[in-house]
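Undergrad: Protein chains in written order, with the numbering used here: chain A, 1 to 157; chain B, 1 to 294; chain C, 1 to 278.
Don't take each hint at face value.
[Stated by the list, open to error] Using 25 angstroms as the maximum straight-line C-alpha spacing, the simulated SDA-like pairs for lysine to any residue come out as follows:
# : chain 1 : residue 1 : chain 2 : residue 2
1 : B       : Lys-51    : A       : His-47
2 : C       : Lys-264   : A       : Lys-146
3 : A       : Lys-146   : B       : Phe-153
4 : B       : Lys-123   : B       : Gln-103
5 : B       : Lys-166   : B       : Asn-178
6 : A       : Lys-145   : B       : Ile-196
7 : A       : Lys-146   : B       : Asn-120
8 : A       : Lys-148   : A       : Tyr-71
Calculated directly from the structure, the hints in this document are not laboratory data.
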Amino acid sequence: MKRFKVEKALSICIYLFLFSSTYNLNAQTDWVKWEGKETFYELPATHHHDYTVDKSSFGMTLLSVMRDTYYFFISDLDGDNCPFEPSCSAFFLQSVKETSIFKGTLMFADRFTRDLNFFKGMNHYPLLSSNKFFDPAYNYTLYSKKIKFYFGRDIEN
Amino acid sequence: MILKTKIAYRFLITVLLFIVPLTTHNCQLSANNQNFFSPHNRLQFGNYLYKDKDYLRAADEFKVYLKSVYNDTIVFRLANSYFKIGRYTEAADNFKGLFFGSQLSEEARLLLYESIFFQNDYKSLRENDKGKIYYSSKYANEIERLRFISYFFDNSAPPDENALLKNFPDSVQSQLINFYQQKKYPQHKSPTTAAILSTLIPGAGKIYIGEIGDGITSLIATALTTYLAITNFNADHQFRGWLFSGLAAFFYAGNIYGAAASAQIYNARIQFNFDKEVKLFFEQRNYFLPKVDY
Amino acid sequence: MKIRVTIIFFLSTFLFTVKAQDHLSIQFDYADNLFNSKQYYDAITEYKRLQFFDSTKIFNYEINYKIGECYKAGSKYDDAVQYFSLAEMNARTDDESYDSKTQIIRTNILRRTTDRALQLCDELEKDQRYSGKSDQINYWRGWALILADNWEAAAKSFAKINSNHELKKLAEQTEKAKVSVTFAKVISYILPGSGAIYSGKFLSGLMSLGWNLLSGYWTVNSFMEDRVFDGVVVAELVWLRFYRGAIQNAEEFAIEKNLEVSNKSLRYLQNEYKGIKP
């Protein structure tokens with residue numbers, strides 16, 4: 001009985017401490033009006049290659065089809081080898097879409113060389129939760145206004 | 001005896017018939033005083049929420065209260081609630097309502113400038129301060145300090161170093177001088193120089209930027225594929241010769257482009273780190289602003 | 001006579017007290033209406049208003065409990081747990097205390113802080129006051145394990161309630177439908193592509209096997225023709241790559257298959273299950 005009273009007193013103290021230290025928390029949550037939200041029980045799906053064909057132009061459609069063919073026959077079978085996100089093939093398509101086929105090829109050549117660097121971890125690439133280096137194509141277009149950075153080594157939300 | 005009882009009984013009923021309506025009426029009165037949505041009660045509840053930092057709810061209560069009763073302290077609290085939750089436009093609009101005929105006019109002017117600052121509208125801030133628009137005699141120094149701080153946050157040319165530094169306390173002078181020098185003379189790398197170096201020696205441009213690993217990889221990749229191209233041509237293996245020549249050209253061109261792109265990213269990273277450091281420095285000191293609340 | 005006087009006296013005092021309590025109850029009903037019409041943010045405002053004006057604190061338990069429910073409905077679980085804890089502190093009876101603790105467990109389940117939910121279930125079980133509630137405790141324990149994708153343990157938990165419990169059967173079916181990740185990897189080490197076939201990805205498995213056979217042939221052929229450099233390059237850049245890929249894919253496909261099985265059951269629980277959910 002005495003132990004029960006001590007446990008109850010201890011739990012009350014903990015609740016009081018938690019309450020006093022977090023009483024601002026709920027106030028900050030409610031600085032924006034929110035609506036009810038259903039929780040979904042499903043577990044998140046694993047990451048797969050995006051086979052969507054880009055129909056914005058003939059060139060992009062052709063490149064998308066070639067990329068999908070590469071995914072189907074080679075990339076989906078040889079494992080997850082690229083340490084970057086987006087992968088080199090996706091980077092190439094993004095580069096061509098952002099710039100042109102010529103400039104996109106140069107960007108891809110640079111990316112491929114950086115991929116060969118055994119010590120790439122020492123560079124300033126932000127690290128994703130999937131342990132891949134975040135290296136988007138828009139940082140390499142030679143337009144400085146398009147460059148985006150993130151805090152430390154993790155992607156900022 | 002029976003008659004006395006009957007009289008007492010009738011007297012009791014009569015008294016009760018008067019008392020019950022009276023007490024009911026009093027209860028109705030007290031119920032009206034307990035009308036939670038009366039202006040007075042809304043104000044009390046709003047103040048409670050305000051102290052609890054539940055600013056959005058407090059603002060809603062204050063807005064309704066102010067529809068029936070004007071009170072400049074409550075207008076200030078309403079504006080400050082919006083300020084605290086980052087709705088700076090609404091905060092500014094409400095602070096402007098206190099500029100004339102209010103004892104809180106000076107504080108409202110200061111907070112208006114703060115609202116403009118935190119909206120990142122540094123150009124307007126400087127123009128307003130220069131033109132002494134919404135001038136505050138009590139907080140003139142703070143507002144001018146805020147104006148000088150704004151130069152660290154955008155691409156405008158900073159004013160004279162001494163003119164800037166004299167507005168800040170001695171304890172932070174050395175740090176501000178450091179920031180000023182970094183702002184005015186950033187340690188950038190030239191993309192053109194990097195590209196030229198990489199043209200002359202593959203990988204040299206990347207080494208110039210500080211990416212030693214990438215530079216050496218570029219050099220090895222270009223050199224190796226070139227060597228393989230030459231040896232295959234010498235051995236009369238035409239297909240392989242052209243294949244490795246193509247790869248060599250691929251790596252060489254990529255290395256030149258990559259050197260220029262890396263220099264740009266390097267410069268952007270310097271800017272990003274500078275912005276982060278400056279923001280943290282001023283945030284830790286509340287931008288040298290006094291804490292104002294009512 | 002005396003009885004009549006007494007009756008009249010108590011009737012009049014009753015009329016007085018009913019009038020005095022109305023305003024708090026009316027406010028509580030108003031807040032409840034907002035809650036029932038899913039306007040959770042506004043409901044919290046009105047519950048807080050009631051709490052502020054309720055000087056006697058008679059509604060404290062209900063207010064904190066309902067605010068916790070509002071936050072839970074908005075998926076703001078940290079705040080929900082905080083308010084359910086406050087409700088527990090203000091509980092007047094063991095039942096109210098139990099209800100608050102159960103809500104904290106349910107919120108932890110939805111937040112997927114499974115260890116905390118299981119710990120709370122254990123604490124509840126040890127509490128002598130709730131010795132008659134073991135079925136309910138096992139029920140929530142089972143749910144916590146389901147959302148943590150531990151179907152085997154969940155089945156055991158539901159079995160303690162009833163050996164024919166609907167969720168026990170579901171958990172057992174789900175566990176049975178899953179494939180073994182370790183087995184898929186091991187057989188892929190022996191025969192590349194077999195792990196993918198075991199997980200149901202026939203085309204991928206066959207293609208993987210094909211690449212391994214082809215690159216293996218190229219490698220052996222190169223060495224047999226004394227083209228050592230070519231043999232090493234093909235072995236390193238092609239054969240090893242596809243061999244590693246086959247093992248990686250075997251693991252990934254097995255995990256993916258298990259995820260599909262789990263999600264099918266979770267979708268059933270979300271959309272079709274009629275029992276009480278977290």
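Undergrad: Does each hint hold? Answer for all of them.
TA: So, going through the hints one by one against the coordinates:
1. The straight-line distance between the Cα atoms of Lys-51/B and His-47/A is roughly 46 angstroms, outside the 25 angstroms bound, and the hint therefore fails.
2. Simply put, Lys-264/C and Lys-146/A have alpha-carbon atoms about 42 angstroms apart, too far for the 25 angstroms limit, and the pair is violated.
3. Taking the CA atoms of Lys-146/A and Phe-153/B, the gap is near 18 angstroms; set against the 25 angstroms cutoff, the hint holds.
4. Under the criterion of a C-alpha separation no larger than 25 angstroms, the hint pairing Lys-123/B with Gln-103/B is inconsistent with the structure, at around 29 angstroms.
5. Taken as a hint, the Lys-166/B and Asn-178/B pair is honoured in the structure, with Cα atoms around 15 angstroms apart against an allowance of 25 angstroms.
6. For a cut-off of 25 angstroms, the pair hint linking Lys-145/A to Ile-196/B stands: about 23 angstroms separates their Cα positions.
7. Using a Cα cut-off of 25 angstroms, the hinted pair Lys-146/A and Asn-120/B holds, with the two alpha carbons roughly 20 angstroms apart.
8. Under the criterion of a C-alpha separation no larger than 25 angstroms, the hint pairing Lys-148/A with Tyr-71/A is inconsistent with the structure, at around 28 angstroms.
In summary, the structure is inconsistent with hints 1, 2, 4 and 8 from the numbered list given earlier, while agreeing with the others.
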